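Enquirer: Here are the chains, one letter per residue:
Number of protein chains: 2
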Amino acid sequence: MLADHRQQLEALGPDAIPLLDEAADYLAGGKRLRAQFCVLGARSVGRVDFDDADESETDGVAPGAASPALGPDADRILDAACALELFHAAALIHDDVIDRSDTRRGRPSAHRHFAGLHEDADYRGDADHFGLAGAILLGDLLQSWSDELMQRACDATGDRAAARAAREHFNRMRSEVAVGQYLDVLEEQRPAAAPEAEQLERSTRVLVYKSAKYSVEAPLLIGAALFGADEEQEQSLAEFGLPVGVAFQLRDDVLGVFGDAEVTGKPAGDDLAEGKRTVLVTLAREALPNTQRRVFDDMFGDPELDDEQVEMLQRTIRDSGALDRVEEMITRNLDRATQSLAAAPINAEAKARLGSLADRSGRRAF
Amino acid sequence: MLADHRQQLEALGPDAIPLLDEAADYLAGGKRLRAQFCVLGARSVGRVDFDDADESETDGVAPGAASPALGPDADRILDAACALELFHAAALIHDDVIDRSDTRRGRPSAHRHFAGLHEDADYRGDADHFGLAGAILLGDLLQSWSDELMQRACDATGDRAAARAAREHFNRMRSEVAVGQYLDVLEEQRPAAAPEAEQLERSTRVLVYKSAKYSVEAPLLIGAALFGADEEQEQSLAEFGLPVGVAFQLRDDVLGVFGDAEVTGKPAGDDLAEGKRTVLVTLAREALPNTQRRVFDDMFGDPELDDEQVEMLQRTIRDSGALDRVEEMITRNLDRATQSLAAAPINAEAKARLGSLADRSGRRAF
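Chain order of the listed sequences is A and B.
According to the numbering used here, the first sequence is numbered sequentially starting from 1.
According to the numbering used here, the second sequence is numbered sequentially starting from 1001.
Just so you know, the hints here were simulated from the structure itself, not pulled from any lab data.
None of these values were measured; they are calculated from a predicted model.
The beta carbon of each residue, even a glycine, is placed where N, CA and C say it ideally should be.
Any given hint could turn out to be false.
[Stated by the list, open to error] Derived coverage of chain B by chain A (criterion: at least 3 residues anywhere in the stretch with Cβ under 8 Å from a Cβ of chain A; other residues may be distant):
1. 1012-1018
2. 1117-1126
3. 1129-1136
4. 1139-1147
5. 1176-1182
Only chain A is shown next, with the shape it has when bound in the complex (with noise of 0.2 Å):
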């Protein structure tokens, strides 16, 4: 699909390379986790007439890929599969502007490899700026790619009620998905964390919406949905996918706090400077005493925190009791999904699979 809109689009000359040659870049990386569970959840409900795309081999297939070769079914799930994925880059590139992430897995974010472009060039105007506009853009145009992907994918579905069942999925996921990131970015900007109930709810609120429904839940019933599911079916999968996805947003937010910056491709404890109001830190914050909550309020959020100020922060959140209160959570989720699963009518293989992805999304053991 990227050959095809790089003709169609050379019409617009040779300047507009860097943006289409980013966009190829861009989409080589990540772990594919949406587009395993959308095939997942086409495999559950059932028999998808290709032995080569499953949930692993997904790895190494290059976003609008599907191969004739492969059959009609691997091509619309495989389709609907890089949906998926270029609409999880496009929010990606977004995000980082709004978050101002300067690297995104293990590269520099696409605000930052534009504003290299234009100094590289020795540009007029601000570099920064011009980051942010082929950032912006380039989102945009793979937002609208992802979209054609997954109208293909549609489009070949000849079940019509199936098809618009997949698209509701997809349609319901993208506007939580924004006003989830909205929310988040909101909770940044208060001055104090709300009267703790009421931040639990928020924060909890974030995670749903923002990530865990995106991330599990969703692929999971597009992809059921695609080929047919009924409405039990659909039921079960929602069931297990989304403590799925809020196991591995849990996970996401240790790693925010206590991740390696080996593993998770961003600077240790970036969480913590950028002020991200999680769980994680809600229910730290909840245990301390109040002079201890007020030296962590003051560090909290400051974009220059030191590495000594990170340790100090992750050392509280760990003694507050926090860290284990969240790993039992991860765990609680992780339980409750496999107890779903264990009743899903759905296909046995698939059960497998989908337990095993679980787990791995638990520990991001991908």
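Following the hints, complete the assembly by docking chain B onto the known chain A.
Expert: Frame of chain A; chain B shown alone:
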């Protein structure tokens, strides 16, 4: 449709309301040029069974407001027309961030609106950055809603080939606009204008892809394709639409330099301060003797231009003869459009309306 989305997103809580409110407010404005061309595209090739939703009356129709009382044909063409307006709103919101424009449609632009919310609420962090985040996310949200409406229009189209053709025009338009906008931004970053012939080619390419095709040709073709236009009809509508779009954008360039802030909703001489290398500006530079050109280049693109400097640049452009040449180009393009229209094998009533809308597009008289 906005009401449906609002209801669906209720679970995300009251904090999301400002985002949804701004979506609704933003969509209330605008001249709906694209919606009008889309509806007329449909009427060009088929009898659309509604009388109350012609091109003049879509002015008052809120996106997604198609009523079942109008009949299914009216519903799907209004869905497509509103999809175009939503897409356009999304593009403008992102463009205003990229161009650092503070006003749009006589109101604060979206990023200024969100920055204002931040200031009023006494949040921590940077109000401008929050404005940026809100605008990026609102644009993303509207882009996905646009896509939903286009999808609904296509789903309601019994003729699958017609639906597919309409989608293809829509998809191509989105890609071309994003890449065209990237090229536009790139032009502004170049330290100096290219040699004249090349610069004219560059400026024309941006004009065609970022604006002319997008404003007129694509909406016409989308509407026509959805109602089963044959190849000859599409060809004539393209031959009419492209020169109208070119005239429309050339007029915009003239207004960007000479326009009255009251009419354009933007500060006078905005394009001069921004350093937009439009066809008008390129023709003016071309005609200037070397010394005058150096003076011109020194002022052009300076964001701090004062009124006197703006007037001096305006006078230089007028005296160079470039304004006359652009006026001739506008006339020539409108003439070419009129000729194409006369020969077009389309509905006579739609033809008359298209002629009048083309004329208004060249004069910006809406």
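Enquirer: Hint by hint, note whether the structure agrees.
Expert: Hint check results:
{"no.": "1", "hint": "1012-1018", "verdict": "holds (count 4)"}
{"no.": "2", "hint": "1117-1126", "verdict": "holds (count 6)"}
{"no.": "3", "hint": "1129-1136", "verdict": "holds (count 6)"}
{"no.": "4", "hint": "1139-1147", "verdict": "holds (count 7)"}
{"no.": "5", "hint": "1176-1182", "verdict": "holds (count 6)"}
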